[in-house]
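J.: Protein chains in written order, with this note's numbering: chain A, 1 to 463; chain B, 1 to 463.
Be aware that one or more of the hints could be misleading.
Put simply, identical chains are the same to the list, so a pair is met inside one copy or across any two.
[What the hints assert, rightly or not] Pairs of lysine-lysine residues, derived as DSBU-like cross-links and limited to a Cα-Cα distance of at most 30 Å, are as follows:
no., residue 1, residue 2
1, K458, K38
2, K89, K327
3, K423, K342
4, K206, K10
5, K20, K423
6, K155, K423
No lab work stands behind these hints, which were simulated from the structure alone. Since the model is a prediction, treat every value here as computed from it, not as a measurement.
Protein chains: 2
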Amino acid sequence: MSLDAVFNAKSIAVVGGSEKPGTLGRALMENLLFGGYKGRVYAVNIRGDTVFGHPVFRRVTDIPDEVELAVIVVPARVVPNVLRDCAAKGVKAAIIISAGFSETGEEGRKLEQEVVSIARKAGIRIIGPNCLGVYNAHNRLDTIFNPSDRQGKPKPGSIAFISQSGALGAAILDWFSLVGLGMSKFVSYGNAADVDEADLVEYLAKDPQTRVICMYIEGVRNGPRFVEAARRAARKKPIIALKAGRTPRGAAAVTSHTGSLAGEDRIYDAAFQRSGIIRARTLEDLFAKAKALSLQPPAPGDRIAIVTNGGGAGVIATDAVEALGLKMADLSPETQRILQQKLPPHASWRNPVDVIGDAPVERYDAAVRAVMQDPQVDAVLVIFLFQSPALDAPRAVEMMDAMNREFTKPLIACTPGGEHAAKHARLMEERGIPVYSTPEEAVLAIEGLVRYGIILRKLAGSQ
Amino acid sequence: MSLDAVFNAKSIAVVGGSEKPGTLGRALMENLLFGGYKGRVYAVNIRGDTVFGHPVFRRVTDIPDEVELAVIVVPARVVPNVLRDCAAKGVKAAIIISAGFSETGEEGRKLEQEVVSIARKAGIRIIGPNCLGVYNAHNRLDTIFNPSDRQGKPKPGSIAFISQSGALGAAILDWFSLVGLGMSKFVSYGNAADVDEADLVEYLAKDPQTRVICMYIEGVRNGPRFVEAARRAARKKPIIALKAGRTPRGAAAVTSHTGSLAGEDRIYDAAFQRSGIIRARTLEDLFAKAKALSLQPPAPGDRIAIVTNGGGAGVIATDAVEALGLKMADLSPETQRILQQKLPPHASWRNPVDVIGDAPVERYDAAVRAVMQDPQVDAVLVIFLFQSPALDAPRAVEMMDAMNREFTKPLIACTPGGEHAAKHARLMEERGIPVYSTPEEAVLAIEGLVRYGIILRKLAGSQ
Numbered sequence: 001m002s003l004d005a006v007f008n009a010k011s012i013a014v015v016g017g018s019e020k021p022g023t024l025g026r027a028l029m030e031n032l033l034f035g036g037y038k039g040r041v042y043a044v045n046i047r048g049d050t051v052f053g054h055p056v057f058r059r060v061t062d063i064p065d066e067v068e069l070a071v072i073v074v075p076a077r078v079v080p081n082v083l084r085d086c087a088a089k090g091v092k093a094a095i096i097i098s099a100g101f102s103e104t105g106e107e108g109r110k111l112e113q114e115v116v117s118i119a120r121k122a123g124i125r126i127i128g129p130n131c132l133g134v135y136n137a138h139n140r141l142d143t144i145f146n147p148s149d150r151q152g153k154p155k156p157g158s159i160a161f162i163s164q165s166g167a168l169g170a171a172i173l174d175w176f177s178l179v180g181l182g183m184s185k186f187v188s189y190g191n192a193a194d195v196d197e198a199d200l201v202e203y204l205a206k207d208p209q210t211r212v213i214c215m216y217i218e219g220v221r222n223g224p225r226f227v228e229a230a231r232r233a234a235r236k237k238p239i240i241a242l243k244a245g246r247t248p249r250g251a252a253a254v255t256s257h258t259g260s261l262a263g264e265d266r267i268y269d270a271a272f273q274r275s276g277i278i279r280a281r282t283l284e285d286l287f288a289k290a291k292a293l294s295l296q297p298p299a300p301g302d303r304i305a306i307v308t309n310g311g312g313a314g315v316i317a318t319d320a321v322e323a324l325g326l327k328m329a330d331l332s333p334e335t336q337r338i339l340q341q342k343l344p345p346h347a348s349w350r351n352p353v354d355v356i357g358d359a360p361v362e363r364y365d366a367a368v369r370a371v372m373q374d375p376q377v378d379a380v381l382v383i384f385l386f387q388s389p390a391l392d393a394p395r396a397v398e399m400m401d402a403m404n405r406e407f408t409k410p411l412i413a414c415t416p417g418g419e420h421a422a423k424h425a426r427l428m429e430e431r432g433i434p435v436y437s438t439p440e441e442a443v444l445a446i447e448g449l450v451r452y453g454i455i456l457r458k459l460a461g462s463q
Numbered sequence: 001m002s003l004d005a006v007f008n009a010k011s012i013a014v015v016g017g018s019e020k021p022g023t024l025g026r027a028l029m030e031n032l033l034f035g036g037y038k039g040r041v042y043a044v045n046i047r048g049d050t051v052f053g054h055p056v057f058r059r060v061t062d063i064p065d066e067v068e069l070a071v072i073v074v075p076a077r078v079v080p081n082v083l084r085d086c087a088a089k090g091v092k093a094a095i096i097i098s099a100g101f102s103e104t105g106e107e108g109r110k111l112e113q114e115v116v117s118i119a120r121k122a123g124i125r126i127i128g129p130n131c132l133g134v135y136n137a138h139n140r141l142d143t144i145f146n147p148s149d150r151q152g153k154p155k156p157g158s159i160a161f162i163s164q165s166g167a168l169g170a171a172i173l174d175w176f177s178l179v180g181l182g183m184s185k186f187v188s189y190g191n192a193a194d195v196d197e198a199d200l201v202e203y204l205a206k207d208p209q210t211r212v213i214c215m216y217i218e219g220v221r222n223g224p225r226f227v228e229a230a231r232r233a234a235r236k237k238p239i240i241a242l243k244a245g246r247t248p249r250g251a252a253a254v255t256s257h258t259g260s261l262a263g264e265d266r267i268y269d270a271a272f273q274r275s276g277i278i279r280a281r282t283l284e285d286l287f288a289k290a291k292a293l294s295l296q297p298p299a300p301g302d303r304i305a306i307v308t309n310g311g312g313a314g315v316i317a318t319d320a321v322e323a324l325g326l327k328m329a330d331l332s333p334e335t336q337r338i339l340q341q342k343l344p345p346h347a348s349w350r351n352p353v354d355v356i357g358d359a360p361v362e363r364y365d366a367a368v369r370a371v372m373q374d375p376q377v378d379a380v381l382v383i384f385l386f387q388s389p390a391l392d393a394p395r396a397v398e399m400m401d402a403m404n405r406e407f408t409k410p411l412i413a414c415t416p417g418g419e420h421a422a423k424h425a426r427l428m429e430e431r432g433i434p435v436y437s438t439p440e441e442a443v444l445a446i447e448g449l450v451r452y453g454i455i456l457r458k459l460a461g462s463q
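Chain A on its own, in the form it takes in the complex:
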């Protein structure tokens, strides 16, 4: 059954909806009424009254229209009755934000089981409990209730994020919004009483607005099901996961956090390998790869070419390429010939190609074109030290845009520096070229493109 009622509901009941300042119920009503969401929104509250001029219904069953999704923030003990009403009303899905379930011990576990059993009988899918819920950047269906003065929400884009941790997920939303990364759908799924990682991966695999699926997980509920779902999804779009609890002490912390069994890390490594999931080492790695995979195609191989106007940055990038097990491309004789012809004598026409500090855009153009055309190159990293007096940044943006249109080969940029560099990095990104501020981060990104290429070739050759 689809999770469309969760992410694309046309009508929502906020159970616990309220106008009372400082309540989650108010925050949710504000998000849904004033945040750009176009569906119908009903407040349900046993206290009655009105919310921002809208009538409040005492029970979900009192709502005169159809309700697709219930967002529930009432105390845990009341939730079973709310769900019975939802069942009677024909609600299709519920996001249970309320805490006080299995994460609190035996009694909570029983309550959670009761809720799931009511939902299952009625065919209601549940996100949560004990979660932040969802943020759909495209239709502004948004249950992330943190105050808007401290919680940024990203612009629409193509990266989906599944987070087992609500608080970390909120910080990631906030960070996406700061750096201008676009998101398709975000979901904090809490205790995963019903909908789990596998369901979400399956749904997002089919979601046309999602090009990349990112995950923060501490464990998975059903290993074999997850592996199968991920394996099917990975044929369509890349999945990048940060699995925390890698170390013994980290695994212990996982148990006291989400109660997941972190399990032997090698087992996760093997499962990810089998699923075609790209495993991120760090949050930075996750973000770097997600951005690259949302904008650029997978690389046909692992041979990287680097063009730079600063030798030092080129050496750092070269070290990173080799340290990650990628290869520095051996440029073809034809490419070397072109570079020798077009670059000044003290430039380096070996890879990394150093167009040197006084390079104008024309010199970059010649060098980038040569390596983009080279059949011995699978992906290209262009480093711009935009501090150089010789380098016209707006024209460099145009040059990269043209290269990106002309060639299908993955193209990535790195622009270390300050404001001027960051400004032109943003312009390149608006044109579909992912940009990074350090050479190492750029190479982590390229690694994602190379890894996804390998995954696609592997999955294509199997069932």
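For chain A, the structure is supplied; the task is to place chain B on it using the hints.
T.: Okay, now just chain B, sitting in the frame of chain A:
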């Protein structure tokens, strides 16, 4: 002999100084005349005329006053004669920005030797040739000639930066200025014909404005001398080095960039170990450690405590601590007792201490105080997910400020997120607490404090 004439010259001759737009000579005159530098500045140019209303002298010897430092941007072939004039004038140091020396081949090498020989006879110290020169943020002695619309210059601070690569160094200056990191002195020393890494480390070790010495190097000119200089310096202040050319292909790139012999990487590892140099893995690592060491004391040991309001971020930090070979502190029974008393039932009083999502500042205060007091804890990382409705960010800044004043133990913060988080991160940093945007980066920083503690104890026990 001191390099004071380089970094603190009271009078400077710009040889090649000019008003002609687009020239280095003009950029240098603008920097020194209008950038805040308080010493005397003389333009020297064979063409005569005036520069911004100041008379231009045809030769250095024509300047009627004393000249401490010559900054030279005339063509390479003219430089020997300029240096002869400098010798006659009693100039103490010269920054030779001009390229066209040993980096270009045999002829250039001879020219460079001639220049050095003139300088040595006259007791003139030389920075360069083929370099950007220096930036002293405290007195604005600034020869970094990139246009000011694309080259940021950092505010005064306590981090010194030595860069073998000019272009990368410029990008680093630019980045420091973007993120608000303070710098003491920067130097791009080019071909190191005279002043080399060892001289610079020696000088900066004695510089009262420098608390941390950072280096980007591709090779060192005189290994044993460098090791000795670093070893003496490391007793006084931390040295962090990014040595590029770690991998075979990176080493090859180094040879075509600075002509340095990158050498076997293990040899550098051993030399750094012996010198007490902290080796950075990446630029990000270098920056993370430099900031921490500029603000916080070295850690007395490697036992880390983590306090967080988000379990996921705590798990990620715990993984990072263990992956880097640091230890998660086992909290003392007394600390555990306090935490059990002051934290709610679902919080975690094991390390990582999870004060959970609804924690107000008071709860953080109790937890941070408890681990700061714990004799079984050597350094503390506090993670704030400032998106939480319960957490008052300005009061959290005050709390951290108070802890930082009350205890001498290293204290570091991590504030993942967007604008609101970044704003309060800056406020914490102004109060001397280094802040990072991901848990992994924060742990890299703590590793720097731990490593420098180990280095100090080791050097104290040796000659």
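J.: So which of those numbered hints doesn't the model satisfy?
T.: Per hint list: 1 and 2 violated.
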